[in-house]
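Asker: Sequence:
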Amino acid sequence: MGAREGKLNAYKVTDTGTKTLTEQIVKFVKDAAQLYTDEWLGYNKVAKMYDHAFVNHGAREYVIDDVYTHTIEGFGAGLKRGVLGIYHSWSKKYLQDYVDKFDFRYNTRSMADNDRFNLL
Numbered sequence: 001m002g003a004r005e006g007k008l009n010a011y012k013v014t015d016t017g018t019k020t021l022t023e024q025i026v027k028f029v030k031d032a033a034q035l036y037t038d039e040w041l042g043y044n045k046v047a048k049m050y051d052h053a054f055v056n057h058g059a060r061e062y063v064i065d066d067v068y069t070h071t072i073e074g075f076g077a078g079l080k081r082g083v084l085g086i087y088h089s090w091s092k093k094y095l096q097d098y099v100d101k102f103d104f105r106y107n108t109r110s111m112a113d114n115d116r117f118n119l120l
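So the sequence shown is residues 1 to 120, counted in UniProt numbering.
By construction, these hints were calculated from the structure, which means they are not laboratory data.
Please note that a few of the clues may not be correct.
Unchecked claim - Dumping the calculated DSS-like pairs for lysine-lysine here, alpha-carbon to alpha-carbon at most 27 Å:
#, residue 1, residue 2
1, Lys7, Lys19
2, Lys30, Lys12
3, Lys101, Lys45
4, Lys19, Lys92
5, Lys27, Lys7
6, Lys92, Lys7
7, Lys45, Lys30
8, Lys12, Lys92
9, Lys27, Lys45
10, Lys80, Lys92
11, Lys48, Lys19
12, Lys48, Lys12
13, Lys93, Lys12
14, Lys45, Lys12
15, Lys48, Lys27
16, Lys7, Lys80
17, Lys27, Lys92
18, Lys7, Lys101
19, Lys30, Lys7
As the structure is a computational prediction, the values presented were derived from the model and not from experiment.
All chains should be built: construct the whole structure from the sequences, respecting the hints.
Answerer: What follows is the structure, given as structure tokens:
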């Protein structure tokens, strides 16, 4: 989950079903947040709880005014590149550790390297 111009937080989940993702969204997303998603029907329940808008990728719709999912999709693409290009595979035991590393990189992307190292 990520906020535009803000921090991103990613968490390992047991599955990507409606129940699991709804629980995660309710747990980590503030009530007053605007929720922008794609058209997946699994978001229907949580859409009733938030100011929700979506883009329909299936209909080749990627941006409607300020509604888009590029931010989180870009993070996901970087995460996948990390698996394939750097580590080649991740064990489930350490999956959250890898995800945390990419969270840190993403959230400190505008910092100079020495400032980033000072945070460690």
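Asker: Next step is simple, just say for each hint if it's right about the structure.
Answerer: Comparing the hints with the structure gives:
About 24 Å separates the Cα atoms of lysine 7 and lysine 19, which keeps this hinted pair within 27 Å; it holds. The straight-line distance between the Cα atoms of lysine 30 and lysine 12 is roughly 19 Å, inside the 27 Å bound, and the hint therefore holds. A hinted pair counts as satisfied when its Cα atoms are at most 27 Å apart, and lysine 101 with lysine 45 does not qualify at roughly 31 Å. A threshold of 27 Å between alpha carbons decides the hint, and for lysine 19 with lysine 92 the separation of about 21 Å falls inside it, so the pair holds.
Pair hint lysine 27 plus lysine 7 holds up; C-alpha atoms about 16 Å apart against a cutoff of 27 Å. Note on lysine 92 and lysine 7: the hinted pairing holds, with a Cα-Cα distance of about 24 Å set against a maximum of 27 Å. Restraint check for lysine 45 and lysine 30: the C-alpha separation of about 16 Å stays at or below 27 Å, so the hint holds. Under the criterion of a C-alpha separation no larger than 27 Å, the hint pairing lysine 12 with lysine 92 is consistent with the structure, at around 9 Å.
Using a Cα cut-off of 27 Å, the hinted pair lysine 27 and lysine 45 holds, with the two alpha carbons roughly 14 Å apart. With a C-alpha separation of about 15 Å, the suggested pair lysine 80 and lysine 92 falls inside the 27 Å cut-off, and the hint holds. A threshold of 27 Å between alpha carbons decides the hint, and for lysine 48 with lysine 19 the separation of about 14 Å falls inside it, so the pair holds. Annotation: proposed proximity of lysine 48 to lysine 12 holds, straight-line Cα distance about 24 Å (limit 27 Å).
The hinted pair formed by lysine 93 and lysine 12 meets the criterion: a straight-line CA distance of about 11 Å does not exceed 27 Å. Taken as a hint, the lysine 45 and lysine 12 pair is honoured in the structure, with Cα atoms around 21 Å apart against an allowance of 27 Å. Proximity of lysine 48 to lysine 27 is assessed by CA-CA distance (about 15 Å); at most 27 Å being required, the pair is judged to hold. Of the pairs offered as hints, the one joining lysine 7 and lysine 80 holds, with about 19 Å between alpha carbons and a cut-off of 27 Å not exceeded.
Of the supplied pair hints, the one linking lysine 27 and lysine 92 holds, its CA atoms being roughly 23 Å apart against a limit of 27 Å. Between lysine 7 and lysine 101 the CA atoms are separated by roughly 14 Å; this keeps the pair inside 27 Å, and the hint holds. Among the hinted pairs, lysine 30 with lysine 7 is consistent with the structure: their alpha-carbon atoms are about 13 Å apart, no more than 27 Å.
Violation of the numbered hints given earlier is confined to hint 3; every other hint is satisfied by the structure.
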